[in-house]
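Last residue of the sequence shown? That's 330 in this note's numbering, and every number before it is there in order.
No wet-lab data here; the hints were simulated from the structure.
A hint or two may mislead.
Here are the computed lysine-lysine pairs in the BS3-like style, where the Cα-Cα straight-line distance is at most 27 Å [unchecked claim]:
1) Lys123 x Lys57
2) Lys80 x Lys46
3) Lys57 x Lys39
4) Lys52 x Lys74
5) Lys262 x Lys282
6) Lys52 x Lys80
7) Lys115 x Lys70
8) Lys231 x Lys115
9) Lys74 x Lys46
10) Lys39 x Lys74
11) Lys70 x Lys80
12) Lys39 x Lys123
13) Lys277 x Lys257
14) Lys57 x Lys80
15) Lys52 x Lys115
16) Lys57 x Lys115
17) Lys174 x Lys185
18) Lys9 x Lys46
19) Lys123 x Lys80
20) Lys39 x Lys52
21) Lys52 x Lys70
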Amino acid sequence: MKINNETKVGILTVVALGLLIAGFNFLKGKDVFNNTPKIYAVFNKVGALTKANEVKINGLTIGTVYDIKEVDKNLSGIKVTISLTRDVNIPANSVAYINASFGGLSAATIVIEKGDASTYLKDGDSLHTRIDEGLFGGLAAEVTPTLSRVRNTLDTLTIVFNNINKLFDSDAKNNLQHTIANLKNASRSLDRLLDAENGSLSHTLANVSSITDNLKNNNDSINAIISNTKQFTQKLSSLDLQQTMETLQSTITQLKTTVAKMSSNEGTLGALINDKGLYNKLNDAILSAEILMDDLRTHPKRYVNFSIFGKKDKGGALTSPAIKDTVPR
2 MKINNETKVG
12 ILTVVALGLL
22 IAGFNFLKGK
32 DVFNNTPKIY
42 AVFNKVGALT
52 KANEVKINGL
62 TIGTVYDIKE
72 VDKNLSGIKV
82 TISLTRDVNI
92 PANSVAYINA
102 SFGGLSAATI
112 VIEKGDASTY
122 LKDGDSLHTR
132 IDEGLFGGLA
142 AEVTPTLSRV
152 RNTLDTLTIV
162 FNNINKLFDS
172 DAKNNLQHTI
182 ANLKNASRSL
192 DRLLDAENGS
202 LSHTLANVSS
212 ITDNLKNNND
222 SINAIISNTK
232 QFTQKLSSLD
242 LQQTMETLQS
252 TITQLKTTVA
262 KMSSNEGTLG
272 ALINDKGLYN
282 KLNDAILSAE
292 ILMDDLRTHP
302 KRYVNFSIFG
312 KKDKGGALTS
322 PAIKDTVPR
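Could you put the whole structure together from the sequences, leaning on the hints where they help?
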């Protein structure tokens, strides 16, 4: 079939008009091949957000990130285009934020918190946005003062350790090494002491065990000794100790009185002890009596003059006691 020129001109005009409309929409940033509704959100930073990342409301995916580009050359903001893949009503006062990936284990997503407005977003409208602190955002705010205090503490510890290094000169370090060596020796000695087979403690425990065994074997004898001791103490407690103590006290008093009289000039014994002249006279009298008795035994005829004994003894008188062996019996 032959197409006339008018038809060709009409077809070319329609195609040109379609291309003109598509080009105009493309220049406006609209995808002529994607007819899904588009909404926009402007963020200060997008982090790990990339194209095709999910957009969710209440955990339900309602779209994807269609495009990300700067607002202007000064990067005053980053404009994110959201392509809605579900036909849902989004309140006009809803707020969007970027839920960052957790350590690269999951992709970043845009989360839309639904508002309570009675009007809804239309194709081409923009969402309110906010910055999400994420899992560690609030923690970082709390940790920052703590880190500052930790830093100050570390600085203080550094100063302290520097002073300690200055304090511990070579002599002090040597003394410390000797102390550590002594501690090691003490530890070895303690190990030997606590040795289960050859240690002194094991021997001591063995001896204690032997003693306890002996006590156990002689339990009857020990009980008998305890019983006898108990009986003795009972008998001792039954004695009239008070009367005995009173008698002893009376005896001591009398002894003190006797000693006092002996020390004084009262009585013969006291006078004899304390009067030296009397003592000497008494001693002389005893000596004279002894001489007289010896002379009497030695020369009896001098004192007894009978004719039956013959003539009178003319021997001299004794002037001192005679030797005992020479005295006739």
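The hints, checked one at a time:
Restraint check for Lys123 and Lys57: the C-alpha separation of about 17 Å stays at or below 27 Å, so the hint holds. Distance restraint check for Lys80 and Lys46: the Cα-Cα separation of roughly 10 Å lies within the 27 Å cut-off, and the hinted pair is therefore satisfied. Among the hinted pairs, Lys57 with Lys39 is consistent with the structure: their alpha-carbon atoms are about 15 Å apart, no more than 27 Å. For the given pair, Lys52 sits about 21 Å from Lys74 by alpha-carbon distance, which is consistent with the 27 Å threshold.
This hinted pair checks out: Lys262 and Lys282 have alpha carbons roughly 22 Å apart, not beyond 27 Å. Distance hint between Lys52 and Lys80 is fulfilled; the C-alpha atoms sit about 12 Å from each other, no more than 27 Å. Restraint check for Lys115 and Lys70: satisfied, since their Cα atoms lie roughly 25 Å apart, inside the 27 Å limit. For the suggested pair Lys231 and Lys115, the alpha carbons sit about 97 Å apart, so the restraint of at most 27 Å is broken.
Between Lys74 and Lys46 the CA atoms are separated by roughly 15 Å; this keeps the pair inside 27 Å, and the hint holds. Restraint check: the Cα-Cα separation between Lys39 and Lys74 comes to about 23 Å, which is no more than 27 Å; the hinted pair holds. Note on Lys70 and Lys80: the hinted pairing holds, with a Cα-Cα distance of about 5 Å set against a maximum of 27 Å. Between Lys39 and Lys123 the alpha-carbon distance is near 8 Å, which keeps this suggested pair within the 27 Å criterion.
At roughly 23 Å between alpha-carbon atoms, Lys277 and Lys257 fall within 27 Å of each other, so this suggested pair holds. A C-alpha spacing of about 18 Å is found between Lys57 and Lys80, which places the hinted pair at or below 27 Å, so the restraint holds. Between Lys52 and Lys115 the alpha-carbon distance is near 23 Å, which keeps this suggested pair within the 27 Å criterion. Proposed proximity of Lys57 and Lys115 is supported: the alpha carbons are some 11 Å apart, at most 27 Å.
Using a Cα cut-off of 27 Å, the hinted pair Lys174 and Lys185 holds, with the two alpha carbons roughly 16 Å apart. Distance check on the hinted pair: Lys9 and Lys46 sit about 52 Å apart at the alpha-carbon level, beyond 27 Å; violated. The suggested pairing of Lys123 with Lys80 holds, with an alpha-carbon distance near 17 Å, which does not exceed 27 Å. Taking the CA atoms of Lys39 and Lys52, the gap is about 14 Å. The hint holds against a cut of 27 Å.
For the suggested pair Lys52 and Lys70, the alpha carbons sit about 10 Å apart, so the restraint of at most 27 Å is met.
In the structure shown, a violation is registered for the earlier hints numbered 8 and 18, in ascending order.
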